[in-house]
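Asker: Protein chains in written order, with full-length UniProt numbering: chain H, 1 to 424; chain S, 1 to 424; chain A, 1 to 424; chain Y, 1 to 424.
What the hints contain is simulated information worked out from the structure, not anything from laboratory work. Check each hint, because a few of them may be wrong.
Put simply, identical chains are the same to the list, so a pair is met inside one copy or across any two.
What the hints assert, rightly or not - DSBU-like cross-link-like pairs, simulated, lysine-lysine; straight-line CA separation at most 35 Å:
1. K300 <-> K211
2. K207 <-> K265
3. K302 <-> K95
4. K302 <-> K11
5. K265 <-> K67
6. K67 <-> K302
7. K88 <-> K300
8. K302 <-> K88
9. K172 <-> K300
10. K422 <-> K211
11. K67 <-> K300
12. K172 <-> K88
13. K207 <-> K367
14. K422 <-> K67
15. K207 <-> K300
16. K211 <-> K95
17. K211 <-> K265
18. K211 <-> K302
19. K172 <-> K207
20. K67 <-> K11
21. K67 <-> K172
22. K13 <-> K422
23. K265 <-> K11
24. K11 <-> K422
25. K88 <-> K265
26. K302 <-> K207
27. K302 <-> K367
Letter by letter, the chains look like this.
Number of protein chains: 4
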Amino acid sequence: MNWQQLSGTEKSKYFIDEYLRIREFSTALCSRLEIEDYTVQPIADVSPPKWHLGHTTWFFEEIILVKCLSEYTRFHQQYRFLFNSYYKSAGQHWKQSQRGELSRPTVEEVIRYRSYVDNFMVNYLSNAEIGDDVLSLLEIGLHHEQQHQELLLMDIKFILGSNPTSPVFSEKPLGFASPVNQIWRSFNEGIYSVGASDGGFSYDNEKPRHKNYIYSFAISENTVTNGDYLEFIDRGGYGHAEFWLSLGWEWVNDNHIGHPLYWRKIDNEWYEFTLHGLNLLDLNAPVTHVSYFEADAYAKWKGVRLPDEQEMEVYLASSIDDSVEENEHEKKHGDESGVYHPIKGDAQTGQVWCWSKSHYSGYPGYKPYQGMLTEYNGKFMCNQFVLRGGCIATPPSHYRHSYRNFYAPHQRWMFSGIRLAKDI
Amino acid sequence: MNWQQLSGTEKSKYFIDEYLRIREFSTALCSRLEIEDYTVQPIADVSPPKWHLGHTTWFFEEIILVKCLSEYTRFHQQYRFLFNSYYKSAGQHWKQSQRGELSRPTVEEVIRYRSYVDNFMVNYLSNAEIGDDVLSLLEIGLHHEQQHQELLLMDIKFILGSNPTSPVFSEKPLGFASPVNQIWRSFNEGIYSVGASDGGFSYDNEKPRHKNYIYSFAISENTVTNGDYLEFIDRGGYGHAEFWLSLGWEWVNDNHIGHPLYWRKIDNEWYEFTLHGLNLLDLNAPVTHVSYFEADAYAKWKGVRLPDEQEMEVYLASSIDDSVEENEHEKKHGDESGVYHPIKGDAQTGQVWCWSKSHYSGYPGYKPYQGMLTEYNGKFMCNQFVLRGGCIATPPSHYRHSYRNFYAPHQRWMFSGIRLAKDI
Amino acid sequence: MNWQQLSGTEKSKYFIDEYLRIREFSTALCSRLEIEDYTVQPIADVSPPKWHLGHTTWFFEEIILVKCLSEYTRFHQQYRFLFNSYYKSAGQHWKQSQRGELSRPTVEEVIRYRSYVDNFMVNYLSNAEIGDDVLSLLEIGLHHEQQHQELLLMDIKFILGSNPTSPVFSEKPLGFASPVNQIWRSFNEGIYSVGASDGGFSYDNEKPRHKNYIYSFAISENTVTNGDYLEFIDRGGYGHAEFWLSLGWEWVNDNHIGHPLYWRKIDNEWYEFTLHGLNLLDLNAPVTHVSYFEADAYAKWKGVRLPDEQEMEVYLASSIDDSVEENEHEKKHGDESGVYHPIKGDAQTGQVWCWSKSHYSGYPGYKPYQGMLTEYNGKFMCNQFVLRGGCIATPPSHYRHSYRNFYAPHQRWMFSGIRLAKDI
Amino acid sequence: MNWQQLSGTEKSKYFIDEYLRIREFSTALCSRLEIEDYTVQPIADVSPPKWHLGHTTWFFEEIILVKCLSEYTRFHQQYRFLFNSYYKSAGQHWKQSQRGELSRPTVEEVIRYRSYVDNFMVNYLSNAEIGDDVLSLLEIGLHHEQQHQELLLMDIKFILGSNPTSPVFSEKPLGFASPVNQIWRSFNEGIYSVGASDGGFSYDNEKPRHKNYIYSFAISENTVTNGDYLEFIDRGGYGHAEFWLSLGWEWVNDNHIGHPLYWRKIDNEWYEFTLHGLNLLDLNAPVTHVSYFEADAYAKWKGVRLPDEQEMEVYLASSIDDSVEENEHEKKHGDESGVYHPIKGDAQTGQVWCWSKSHYSGYPGYKPYQGMLTEYNGKFMCNQFVLRGGCIATPPSHYRHSYRNFYAPHQRWMFSGIRLAKDI
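The whole structure should be built from the sequences, with the hints applied where relevant.
Answerer: Have a look at this one:
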């Protein structure tokens with residue numbers, strides 16, 4: 001959406017609509033939760049859902065209201081501290097690993113906080129004279145909230161999944177995946193441009209669009225399935241050091257890892273915990289919730305490799321009918337479809353984020369955001385790997401093919417998967 | 001209460017009344033909490049209040065219903081695992097430090113669990129033919145629940161106290177303590193008997209009553225006040241190794257300890273967080289929430305020492321009018337008085353548990369309970385120190401002078417205080 | 001030895017002889033070591049032998065030379081810091097767990113340091129006018145050095161024992177223990193005095209001698225043998241929570257403990273690493289290198305208990321022919337006999353330190369040393385258990401029946417063993 | 001050296017000479033050490049020098065003797081385990097962080113081990129019929145030993161530098177660096193080839209030579225000096241989060257980092273510990289022993305950036321007179337010059353390894369070694385950053401411009417430094 005070309009009144013209307021739509025979706029996502037589910041933090045990576053609802057609100061408060069509305073008074077003095085995630089330039093913040101120690105503010109208080117900020121925001125946005133610089137910040141704030149919508153689903157899944165009573169998030173039964181035929185798509189050696197073009201939203205880390213010399217390669221149209229991955233397990237993949245990175249081998253042994261995060265073996269049968277409950281493992285569905293270590297080991301075991309992120313972007317951008325693709329993506333998201341688990345393994349993207357072999361770092365000519373948002377991306381460019389392609393939990397209007405998601409190589413509570421590549 | 005001498009019907013009535021009174025008090029204590037307060041676990045020592053409500057119920061389920069009622073079916077199969085605290089003979093249990101990771105069962109489900117078990121229990125107790133052995137187990141179960149009532153207040157205080165918004169548990173204003181004159185009471189050298197007599201309830205660790213050779217000593221009628229302790233701080237007590245045990249000195253330095261747990265210095269003024277809110281420090285009130293390390297260092301700084309537990313019991317038992325004393329104790333408890341903080345520093349016991357210099361171990365001739373309850377006391381007789389005298393949070397009908405409370409030397413989230421002694 | 005009654009010249013001669021004898025024995029003990037053996041620290045508890053040689057020298061430097069000899073100049077300014085173990089009043093000290101990180105000073109430099117201090121000491125002691133207060137400090141210094149001689153053997157054993165090549169300390173073959181018949185000795189209820197009398201050396205923690213009310217008990221004349229203990233293992237003792245203290249059960253499981261420290265199972269045969277090499281386990285010899293947790297669990301499994309330290313002292317002091325006993329003890333020490341391993345399981349003391357069930361704390365009326373040595377004993381009276389009776393590595397002239405050795409309940413690199421007791 | 005073109009006899013002579021020269025240099029490097037210096041391991045990253053001497057010997061034993069000499073018997077059965085660093089395919093290995101716990105084998109035994117293997121090796125190499133495949137392994141073994149020669153100097157420096165007595169490795173006085181004028185060299189946008197060509201030795205990770213699209217950039221001819229870096233410190237660089245990666249900021253704060261590894265502030269004066277002793281900080285000399293975090297923060301503070309490894313290789317390869325450059329490099333190494341510290345800050349390479357912003361990963365088309373050596377490089381391609389250019393401790397005949405050194409971003413005990421780059 002190229003809103004810069006709209007008139008002031010149109011901009012105002014556009015952003016009020018977007019703001020309300022996106023803000024409401026965050027609370028709607030949580031509507032199935034019990035109060036207790038909003039509050040706990042089973043591991044440091046996973047934040048309590050009520051914290052996400054507070055933090056995304058804090059974000060608008062800090063980047064817009066406090067800066068632009070002279071008459072604005074913060075809802076609660078302590079929230080500045082409690083809902084700051086990691087922005088050192090915004091003052092001190094509560095420690096990430098201790099978010100689950102806080103019973104207060106209650107969910108109800110957080111909801112009141114959201115309303116308070118929303119009222120100010122909508123009021124402020126009604127003003128047709130707001131400059132594009134502020135609207136650009138607002139647009140980042142909306143994408144930030146959408147990022148947290150995906151995090152909410154990841155975190156809710158972890159909270160429910162670590163509970164021995166296996167609570168069900170959605171009662172809607174999951175369908176079954178269809179069998180998949182592996183197809184390789186080939187690309188020729190040459191110079192390819194990668195990165196976000198001007199026009200349309202993107203984060204600072206997707207720019208500038210720039211040239212890369214890429215050698216010829218093939219990439220799989222399908223992601224690795226549960227059935228494929230089970231074969232790796234059954235052939236002893238977790239027990240053979242030769243497939244593993246050195247740090248990966250330590251991770252496997254120190255943490256007694258032997259299968260993807262949500263798999264469970266019960267009475268000699270494999271199950272998978274999903275947001276739709278504990279189901280028999282669907283062998284045709286994409287494997288998900290694997291770490292970089294596991295993705296890399298699987299690829300080595302198959303005698304191939306993971307793609308780098310440039311190859312992945314070239315592949316994603318080359319879809320025969322890109323507009324159809326994006327529409328498809330729209331439909332795939334849980335919000336629309338009510339399906340919160342990847343069950344399409346055939347020629348599809350947008351089901352699972354695929355690990356690339358690329359370390360997350362700045363593109364040539366990378367310019368970070370200025371001000372508080374300089375901390376948004378650049379400072380994490382260390383010991384993280386890039387994932388590409390979006391997943392079932394990614395809000396469709398938030399996604400674009402230049403999107404660079406990133407996680408540490410041992411993390412796997414996101415909907416991560418494996419797309420193979422090879423030299424040709 | 002010597003219920004063994006009652007008739008079967010009287011026993012039945014007596015125990016049904018006690019059971020209902022005590023069970024209701026647990027939920028009543030929590031009635032001021034938000035759902036979120038029931039759920040979190042800021043540190044491993046502190047359990048979520050809903051866990052206490054479930055665990056005390058599990059206790060009756062395991063020691064009475066499952067054993068004595070052949071038709072009994074457990075409320076939920078997983079609760080056997082989730083609400084077992086540490087009884088290895090009762091099967092596996094959820095890890096203590098991870099209780100706060102569980103959003104389910106919800107508070108509402110736990111309350112339903114309590115009702116389910118209560119119905120079975122009252123029904124079962126209506127039977128006038130129950131043997132005294134089962135009633136003895138029941139009596140332990142009731143005292144166990146009362147122990148957890150004190151833990152509930154301790155844990156609620158920690159949960160609220162670690163929240164930067166300092167939530168208030170009771171709106172009732174705290175009064176002020178009166179000034180205290182230190183009085184020493186002396187005891188002559190000789191043989192003294194210590195421990196619980198037969199008749200009346202006591203735990204296995206209070207028996208048998210036995211003789212001790214005690215040298216002449218004096219003990220303070222008053223516990224150390226906040227004002228006394230502040231002088232220790234102001235004179236640099238935390239910075240001088242010579243007052244501290246070796247492990248205590250490490251504890252102070254590794255954890256940057258410089259004052260009792262709930263003291264806060266704000267704008268150069270000392271405050272204390274209490275269940276009645278954040279108040280200016282009352283210099284006449286007993287110091288509380290100090291570790292054994294702090295109690296011992298304070299005594300050394302004063303040139304005296306902590307009493308041992310035998311001295312403390314001799315002192316407690318020697319109160320001029322013991323029956324008045326016990327009545328007083330009755331009134332002091334928060335339940336009756338609505339006061340959840342020690343504010344009487346003058347000749348009183350029952351305000352704060354006083355650290356003894358005695359390691360917690362079995363008395364000569366100690367016989368642990370049999371069966372599952374063999375794990376109740378004996379297995380903790382290592383690296384714990386005994387505290388004596390009861391506190392404001394101890395249910396009066398739960399207390400007796402032979403009571404041996406015990407904690408590790410670094411712990412201080414209980415209402416612990418300091419009573420000095422010296423050789424004479 | 002009651003040296004106070006000697007003349008000044010006799011005192012001088014007595015102490016010079018003792019000083020030289022004891023100091024030389026420390027280096028003699030190490031004479032079998034390679035330079036590399038003097039230097040390493042496999043775990044924090046174990047110090048490099050060269051550190052012991054330096055620290056015992058530092059002790060004389062700090063308590064005598066620096067205080068009493070105005071013209072004395074320290075051998076090396078950094079040694080004050082490097083060889084201070086934990087005396088806060090003597091300034092800062094190098095961290096205990098990092099002693100093995102230091103390649104310098106070399107062994108040769110430490111030996112030069114010893115000679116330097118020895119020369120000053122002998123010179124100083126030649127003076128017949130030295131006051132008894134200084135000679136008392138000197139006497140403590142000599143006992144301190146003897147304590148470290150036992151530590152040297154413990155630490156050397158650990159250093160060699162943790163090496164996969166199992167180096168041999170003494171080539172002298174170990175004999176075999178004779179079979180043992182368990183005999184219980186009984187004591188009547190009554191008041192018993194315990195603690196060191198005046199006259200003769202003792203540490204501050206052994207005083208004052210004081211009365212105890214002791215109930216009738218029986219104590220085993222023999223310590224538990226390897227054969228006895230093996231039965232505990234074979235019957236699954238390490239796998240049954242009911243025998244273990246709560247902290248002990250955690251220790252067993254967290255550290256995968258399944259046998260005494262130096263036992264090794266090779267090709268289904270039990271061996272024991274000793275200072276005489278890796279030998280087949282001698283079933284008649286005393287079990288040694290067990291923790292308090294193991295000793296306590298073994299006693300519970302046998303249906304009896306550990307003695308408390310008062311019972312143990314009463315027992316030790318009651319030996320039918322005490323003078324013979326002490327002579328025997330003399331001969332048992334490795335120095336005289338060349339045997340550095342307990343192989344006598346029959347009616348003997350002095351082979352292994354026996355765990356008592358008593359927590360290490362001050363006797364009634366305990367007065368710690370003044371000055372720097374106030375840190376010698378008192379500050380460790382927390383979370384340690386007392387062991388009694390001496391061991392094969394204890395220098396005979398260092399031992400007396402009132403001796404209170406102490407270790408944390410998980411430690412077991414000392415020559416610790418088990419003597420059972422029971423109520424009668 | 002293109003030895004493949006030599007005759008069998010010439011090859012034999014060439015490799016025997018090289019083998020003896022390189023093997024002797026390892027022990028020569030250690031000749032200034034005390035036995036104790038060979039033995040300790042102050043931190044997990046630093047290995048005891050005697051371990052390096054053993055491990056490099058083990059390497060030849062495992063890759064050549066055991067494989068190619070049927071009559072060969074290992075020197076000691078346990079060494080296979082003790083001197084394996086991390087090769088899972090070569091069986092179990094002693095844990096890296098515990099190398100300093102081993103007093104045995106002694107230095108003398110390790111030297112005997114070296115002689116034993118050297119005799120077999122020279123004997124074996126006298127055979128003119130050895131295939132090129134084996135000679136290629138041997139060549140890797142020689143480069144492996146040279147890598148460990150650099151590690152030896154790093155580790156010796158750390159061992160001596162962490163000792164409070166600051167021992168001196170070389171008595172030769174260090175000269176002073178000349179003042180430096182910063183000069184930027186520019187490169188145009190275009191396709192550049194990077195990586196090792198065939199002919200000449202290189203590791204698997206330097207291949208294949210491949211094309212990169214590189215944007216125009218400038219790179220500094222000089223590395224950052226101590227004086228430059230001191231300004232960063234004095235301006236509060238370590239206290240401002242905005243210059244630091246998120247992980248770097250944690251590292252700085254958790255470890256209280258405020259200056260390069262070997263800097264010491266004494267009486268308000270900056271000193272630097274070097275292998276030539278503790279010297280006043282030379283402001284004109286290159287800053288060294290900085291982490292990636294520090295290099296990156298310094299560059300951000302200067303408003304520029306670190307080069308990526310491709311830019312660095314293009315720069316290194318473009319030296320006007322490359323052969324002169326390599327000769328210069330030859331002379332710079334401590335071995336020839338007796339200088340073990342970087343003191344040339346002007347237009348020089350080879351003084352300090354310069355951090356690139358590139359994550360260490362496989363080049364397009366990367367093929368790891370086969371067999372045991374597959375573990376040599378590939379398995380470390382995770383969470384490491386590439387350094388380029390060689391340092392004063394790198395054996396000259398070991399170095400080439402395609403060399404990819406790599407370390408984790410917090411490590412800094414190697415001779416690492418900073419070369420700045422910028423977009424133009």
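Asker: Check each numbered hint from earlier against the structure, then list the numbers of those it violates in ascending order.
Answerer: Violated hints: 2, 4, 9, 12, 16, 17, 19, 21, 22, 23 and 24; rest satisfied.
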